[in-house]
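J.: Each chain, written out:
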Amino acid sequence: MTTPESSRPRWILVADGDKAAADHLAGLLLRARFRAYPVANGLEALRLALRYRLGLAIVDVGLLDMTGCDLVRQLRSLAPELPVVMTTGDYRPTTEVEARQLGIVQYLHKPVDLERLDKVVARVFPGEGETILNAAVSCSGKLGV
Amino acid sequence: MMDRPRVLIVDDDTDIRGLLGEALTRWGYDPTLAANGREAIDLISHQIFDAALVDISMPEMDGLQVLEQIKRHDPALEVVMLTGNPMVETAVQALKSGAYDYLMKPLNLDELQHLLRQVFEKRFLSREVHSLRSQLADQLAAKDLVGASPAMAQVREVIARVADSDSPVLIEGESGTGKELVAAAIHRQSGRGKGPFVPVNCSAIPADLMESEFFGHVRGAFSGAVADALGLFRSAHGGTLFLDEVAELSPALQAKLLRVLQEKEIRPVGSTKTHVVNARTIAATNKNLDAAVSNGTFRQDLYYRLNVVHIVVPPLRDRRGDIPALIAYSLRRFNERFRREVKGIAPDAMAALTAYDFPGNVRELENLLERAFALGARDEIERANLPELSVKAEPPASASTEPLPTLDQAERDLIARALDRFRNDKEQAARALGLTVRTLYRRIKKFGLI
Numbered sequence: 002m003t004t005p006e007s008s009r010p011r012w013i014l015v016a017d018g019d020k021a022a023a024d025h026l027a028g029l030l031l032r033a034r035f036r037a038y039p040v041a042n043g044l045e046a047l048r049l050a051l052r053y054r055l056g057l058a059i060v061d062v063g064l065l066d067m068t069g070c071d072l073v074r075q076l077r078s079l080a081p082e083l084p085v086v087m088t089t090g091d092y093r094p095t096t097e098v099e100a101r102q103l104g105i106v107q108y109l110h111k112p113v114d115l116e117r118l119d120k121v122v123a124r125v126f127p128g129e130g131e132t133i134l135n136a137a138v139s140c141s142g143k144l145g146v
Numbered sequence: 339m340m341d342r343p344r345v346l347i348v349d350d351d352t353d354i355r356g357l358l359g360e361a362l363t364r365w366g367y368d369p370t371l372a373a374n375g376r377e378a379i380d381l382i383s384h385q386i387f388d389a390a391l392v393d394i395s396m397p398e399m400d401g402l403q404v405l406e407q408i409k410r411h412d413p414a415l416e417v418v419m420l421t422g423n424p425m426v427e428t429a430v431q432a433l434k435s436g437a438y439d440y441l442m443k444p445l446n447l448d449e450l451q452h453l454l455r456q457v458f459e460k461r462f463l464s465r466e467v468h469s470l471r472s473q474l475a476d477q478l479a480a481k482d483l484v485g486a487s488p489a490m491a492q493v494r495e496v497i498a499r500v501a502d503s504d505s506p507v508l509i510e511g512e513s514g515t516g517k518e519l520v521a522a523a524i525h526r527q528s529g530r531g532k533g534p535f536v537p538v539n540c541s542a543i544p545a546d547l548m549e550s551e552f553f554g555h556v557r558g559a560f561s562g563a564v565a566d567a568l569g570l571f572r573s574a575h576g577g578t579l580f581l582d583e584v585a586e587l588s589p590a591l592q593a594k595l596l597r598v599l600q601e602k603e604i605r606p607v608g609s610t611k612t613h614v615v616n617a618r619t620i621a622a623t624n625k626n627l628d629a630a631v632s633n634g635t636f637r638q639d640l641y642y643r644l645n646v647v648h649i650v651v652p653p654l655r656d657r658r659g660d661i662p663a664l665i666a667y668s669l670r671r672f673n674e675r676f677r678r679e680v681k682g683i684a685p686d687a688m689a690a691l692t693a694y695d696f697p698g699n700v701r702e703l704e705n706l707l708e709r710a711f712a713l714g715a716r717d718e719i720e721r722a723n724l725p726e727l728s729v730k731a732e733p734p735a736s737a738s739t740e741p742l743p744t745l746d747q748a749e750r751d752l753i754a755r756a757l758d759r760f761r762n763d764k765e766q767a768a769r770a771l772g773l774t775v776r777t778l779y780r781r782i783k784k785f786g787l788i
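Residue numbers (this note's numbering), protein chains in the order written: chain A, 2 to 146; chain B, 339 to 788.
One or more hints might be untrue.
Claimed, not checked - Derived lysine-lysine pairs resembling BS3-like cross-links, with alpha carbons at most 27 Å apart: (1) B:443 to B:783; (2) A:120 to B:594; (3) A:111 to B:611; (4) B:409 to B:443; (5) B:681 to B:764; (6) B:764 to B:409; (7) A:120 to B:625; (8) B:434 to B:764; (9) A:20 to A:111.
What the hints assert, rightly or not - Where chain A lies over chain B, by a calculated footprint (3+ residues, C-beta under 8 Å): (10) 529-537; (11) 541-550.
To be verified - Label-pair restraints from in silico Cβ distances: (12) B:608 to A:11: 28 to 36 Å; (13) A:54 to B:759: 25 to 33 Å; (14) A:138 to B:754: 55 to 63 Å; (15) B:752 to A:131: 40 to 48 Å; (16) A:54 to B:558: 35 to 43 Å.
If you are wondering where the hints come from, they were derived from the structure by calculation, not from laboratory data.
Note that CB positions come from ideal geometry on N, CA and C, so glycine has one too.
All chains, please: the whole structure from these sequences, using the hints.
T.: Given below as structure tokens:
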């Protein structure tokens, strides 16, 4: 009945209202040997967070049913120390100021700089997995999400 | 559509798979079919399911092995085993390995439907997602500094005194003591309260990304820089930048941070222009920064800059008197979140909590209570809802030479222990054993436990 938290798998949540973008990034993470799960809406993301101990959340500012910032606020109430990367194709400074107030570890404009994301992932999961950049190169040669 | 419970069906018989798939779809579930254990394991390793139906007898990897793998992967996933007639022993083995229940083949679909409904009714999941949907998490997250102990009164007094001074503040305290709450309180009470409060955990940022995270960058500054980014300092303009785990800053960034604090301006990566920033810095550390300065890992000049006002947040064990107030505060929050009406704490549970040392401080207390809710606390939190608090060591594992009990004996003992622990409350005992109440009654009768 009681399971030590540490023995649970650690998932990477990839939330993006653009489902194809979420699928693509999650696919790269899976190829880089991480457990990644793509969602397009916040409710689905919360459902994941309730079931699993998330290790990292990569959340886009735009989701289908709520804003990415709202999702991050709700995730924080479930997992106060969850590292969060926010992504966005919205380059306005106000968007960045709102996101930064959530205590994120990285703010990434789209198309996502995979080299940067690799460094964040390596920081969160030291010694685990491979690089996303290599996964991206080996799968299609196409960079960016 | 997205909220339909997901059920994994694992059976090597194509007809049964198809039949179950159709039935489950009709009942409103979202079924996924797997023809063997390997497929099933592959599926659960990158998809999430709420329940699984697993045939016990399959070639290669049998159902018990699949069950074991599933439970290892996700202990919370409920598994219903499907078994042919002469395999009752195997089914008992399955229950002991954590299966929710089992059904005999040929399957009675009504029974299956009933059982699945039971599985999902019991889950907190749907209720909790439902309640989250209707509430803002802001109301759920701990935001206040709780406690009236002299130690906390002193912290509050310092906060009130320094809030408006605009001086840098260094907060020291063990992890889980609520340093961020102190920083946020200073921010709120200061003239910057309407401006942004930007928290950053310095240990989470890769060293070579620190500069552009803190000071921003201009478009084209490096290959991935597709647009101008403000960075942390400029995002906190007019407000407060909270540097948590400040001891983790790279030496290069320490030097740059010192300059920013002195000159009140920053230069984004790739830019020739500087920008004036007006952000108050509050730093926090769970280490002794003094020691970091003397062994050379933290710059002394930066330490002096940050440490104009010093606040020490006391560990919970030094303010045990605040434990009841903290519990009351957490109960309110978790009652909201779990839609419960837990009114208090049983005396023995309270005694155990107040005697505990809480190396993880307030956060550990919150985690313990949250776990108690997840373990089914109802009217009040009982000692049994706090299994992590067991101070007494478990008896040593029996030596390998001891005769093994039979499965029946072991099962009987287990059930008797559970009934004893939950004072004969069948529902709680069944939950702890991972059995349905109905199944538990069957076992109780079988073993003559009443």
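J.: The structure should be examined with respect to each hint, and the outcome stated for every one.
T.: Hints, one by one, checked against the model:
1. B:443 to B:783: Holds, because 23 Å separates the two Cα atoms, which is no more than 27 Å.
2. A:120 to B:594: Roughly 21 Å between the alpha carbons, so the hint for residue 120 of chain A and residue 594 of chain B holds.
3. A:111 to B:611: holds (25 Å)
4. B:409 to B:443: Roughly 23 Å between the alpha carbons, so the hint for residue 409 of chain B and residue 443 of chain B holds.
5. B:681 to B:764: Since the Cα atoms of residue 681 of chain B and residue 764 of chain B sit roughly 22 Å apart, the hinted pair holds (cutoff 27 Å).
6. B:764 to B:409: Given that 27 Å is the threshold and the Cα spacing comes to 24 Å, the pair holds.
7. A:120 to B:625: Between residue 120 of chain A and residue 625 of chain B the Cα gap is close to 25 Å, so the pair holds against 27 Å.
8. B:434 to B:764: holds (17 Å)
9. A:20 to A:111: holds (14 Å)
10. 529-537: holds (count 4)
11. 541-550: It holds, with 5 qualifying residues against the three required.
12. B:608 to A:11: 28 to 36 Å: This hint holds: roughly 34 Å between Cβ atoms.
13. A:54 to B:759: 25 to 33 Å: Once the Cβ atoms are compared, 26 Å apart, the range 25 to 33 Å for residue 759 of chain B and residue 54 of chain A holds.
14. A:138 to B:754: 55 to 63 Å: About 60 Å separates the Cβ atoms of residue 138 of chain A and residue 754 of chain B, which means 55 to 63 Å holds.
15. B:752 to A:131: 40 to 48 Å: Hint holds: Cβ distance 43 Å, inside 40 to 48 Å.
16. A:54 to B:558: 35 to 43 Å: With Cβ atoms ~39 Å apart, the hint holds.
Every hint from the earlier list agrees with this structure, and none is contradicted.
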